[in-house]
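Protein chains in written order, with my numbering: chain P, 1 to 217; chain F, 1 to 120.
To be clear, the hints were calculated from the coordinates, so they are not data collected in a lab.
Just so it is clear, the structure is predicted and the values come from calculations on it, not from any experiment.
Where hints are given, some of them may not hold.
[As the list claims (entries may be wrong)] Listed below are the simulated SDA-like cross-link pairs for lysine to any residue, each with C-alpha atoms no more than 20 Å apart in a straight line:
no., chain 1, residue 1, chain 2, residue 2
1, P, Lys49, F, Ser21
2, P, Lys215, P, Thr92
3, P, Lys18, F, Pro55
4, F, Lys56, P, His25
[Stated by the list, open to error] A few chain F residues facing chain P, derived, Cβ under 10 Å:
no., residue
5, Val13
6, Thr15
7, Leu78
8, Thr79
[Stated by the list, open to error] Computed beta-carbon distance windows for the label pairs:
no., chain 1, residue 1, chain 2, residue 2, range
9, F, Met10, P, Lys9, 38 to 44 Å
10, P, Pro126, F, Gln64, 43 to 49 Å
11, P, Ala121, F, Leu98, 39 to 45 Å
12, P, Met41, F, Leu98, 18 to 24 Å
13, P, Leu31, F, Asp117, 28 to 34 Å
14, P, Met41, F, Pro71, 37 to 43 Å
The beta carbon of each residue, even a glycine, is placed where N, CA and C say it ideally should be.
Residue strings, one per chain:
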Amino acid sequence: MNRQTEKTKLTGLAYFGKMMALISHEIKNSLAIINENAGLMEDLSLMAKKGYSLDPERTGTIAGRVVRQVQRADTTVKRMNRLAHSVDNPVTGIDVAETLAFTLELGEKTFSTLGLRVEVAPLDRPVIINTNEFLFMNLIWEILGYAVQGGGRAENITIAIRRNDNGVDLVFSPHHAVEGAKVPWDRALEEALGAEILSFVDTWELLLKIPEILKKV
Amino acid sequence: MRVLLVDDEMEYVSTLAERLSFRGIEVRWASSAKEALAYINKEPFDIAVLDVKMPKMGGIELKQKIEEIVPGMRFIYLTGHGSEDDYKRGVTDGISYLIKPVDIDQLVKAMNQAAADRID
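With the sequences and hints as input, model every part of the structure.
Structure below.
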C-alpha cells in the first residue's frame with residue numbers, strides 16, 4: 001500500500017469518526033428530549049393521582065414533542081445509513097449539488113458551533129459525475145474546515161457549481177485558507193479523486209476541479 | 001437553590017426546567033450563552049447547568065464568562081457528546097459531568113452536592 005493511499009485512508013477514517021460523533025450527539029439530543037417529556041408525563045400522572053387535573057391539551061403537546069423527536073432521530077439514522085453506504089462503490093454516479101447538500105447536512109452542528117454558514121448556489125439542472133462519493137464528501141469537509149481555521153475566519157461561504165470541459169468546478173467563496181498556490185491540507189485526498197485545487201488570493205476564492213469520470217481510486 | 005439551565009435544545013431545557021420546578025427547585029432556563037449571561041447579570045443563581053456543545057459559545061467557554069461575573073458559582077455540565085477529553089476537563093475542574101439523557105434524580109443529587117460545595 002503506497003503512502004498516498006495510506007494517507008487517504010487515515011483522512012477518511014478521521015472524517016468518518018467525526019461524522020459518527022456528530023450523528024451520535026444528534027441522536028442523544030433526540031433521546032434526551034423524549035426522555036424528559038416521558039418523565040414529564042410521569043410527573044403529571046403522579047400529580048393527577050394526587051388530585052391535580054391533567055390538561056388534555058398539555059398531554060397532546062407533550063406527545064407532539066415526542067413524535068417530532070422520533071422523526072428527527074429517524075432522519076439522523078437515515079443520514080448515518082447513507083454515509084455508511086457511501087463507501088459501497090469505489091466509483092458511482094453522484095448528483096454534485098445533492099451530495100454537497102448532504103455533506104453540509106452532516107456537518108451542520110459543527111458549522112453552527114463555528115459560526116459558519118454555507119450556501120450552495122442553485123443550479124438550473126443536475127450535474128452528475130462518476131466519482132468516489134465518500135472521498136468527495138471527505139474533501140468538501142476538509143476544504144470547509146480549513147476555511148474556518150484560516151486567517152479571516154469566514155462566516156458565510158457560497159459554493160458555486162459549474163460544468164467544465166472535463167467535469168465540474170466547485171468555487172468556494174470566500175475561502176481564507178488561501179495562501180498563494182499553497183493549500184494547508186495534504187494533497188493525497190485530492191489526488192485520489194483525480195481532482196485539482198486552485199486558489200486565488202486576489203478574489204479569496206478556492207476552485208476545486210473534479211473530473212466527470214474517476215479513472216482509478 | 002436557584003438554578004440556571006442552559007441548553008440550545010429548547011424542547012429539552014424547558015421541559016427539564018418544569019420538572020425541576022415540580023421538585024421545588026427555582027429554575028430559569030436559557031437557550032443560548034448570550035441569554036444565559038443576560039440572566040447572570042440580572043439575577044442571583046447558586047448553580048449553572050450548562051450544555052457543553054452549543055452554537056457560537058459552548059458550555060466550557062460560558063463557564064469562564066460566568067465565573068468572571070460570579071466567582072464561586074457552581075457548575076454542572078450536561079452533554080450528549082461524551083468525549084473522554086470533555087469528561088477529563090470536567091473532572092479536572094471539579095465539575096460534575098452528566099451525559100444525556102440524564103436521570104433527573106441523578107441531576108438533582110448532583111445539584112445538591114454542588115450547592116453544598118458552593119463557596120460563598
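Checked hints:
Distance hint between lysine 49 of chain P and serine 21 of chain F is fulfilled; the C-alpha atoms sit about 18 Å from each other, no more than 20 Å. For the given pair, lysine 215 of chain P sits about 11 Å from threonine 92 of chain P by alpha-carbon distance, which is consistent with the 20 Å threshold. As the CA atoms of lysine 18 of chain P and proline 55 of chain F are separated by approximately 17 Å, the hinted pair is consistent with the 20 Å bound. With a C-alpha separation of about 17 Å, the suggested pair lysine 56 of chain F and histidine 25 of chain P falls inside the 20 Å cut-off, and the hint holds.
Nearest Cβ of chain P to the Cβ of valine 13 of chain F: about 9 Å, under the 10 Å cut. The hint holds. Because the beta carbon of threonine 15 of chain F sits about 4 Å from the nearest beta carbon in chain P, less than 10 Å, this interface hint is met. The restraint placing leucine 78 of chain F at the interface with chain P holds, with a minimum CB-CB distance near 8 Å, inside the 10 Å limit. Interface hint status for threonine 79 of chain F: upheld, as the beta-carbon distance to the closest one in chain P is roughly 8 Å, under 10 Å.
Roughly 41 Å separates the CB atoms of methionine 10 of chain F and lysine 9 of chain P, a value that falls within the hinted 38 to 44 Å. For the pair proline 126 of chain P and glutamine 64 of chain F, the beta carbons lie near 47 Å from each other, so the given range of 43 to 49 Å is met. Checked against the hint of 39 to 45 Å, the pair alanine 121 of chain P and leucine 98 of chain F passes, with Cβ atoms roughly 43 Å apart. In this structure, methionine 41 of chain P and leucine 98 of chain F meet the distance hint of 18 to 24 Å, their C-beta atoms being roughly 22 Å apart.
Checked against the hint of 28 to 34 Å, the pair leucine 31 of chain P and aspartate 117 of chain F passes, with Cβ atoms roughly 29 Å apart. Taking the beta carbon of each, methionine 41 of chain P and proline 71 of chain F are about 40 Å apart, inside 37 to 43 Å as hinted.
In summary, the structure agrees with every hint in the numbered list given earlier.
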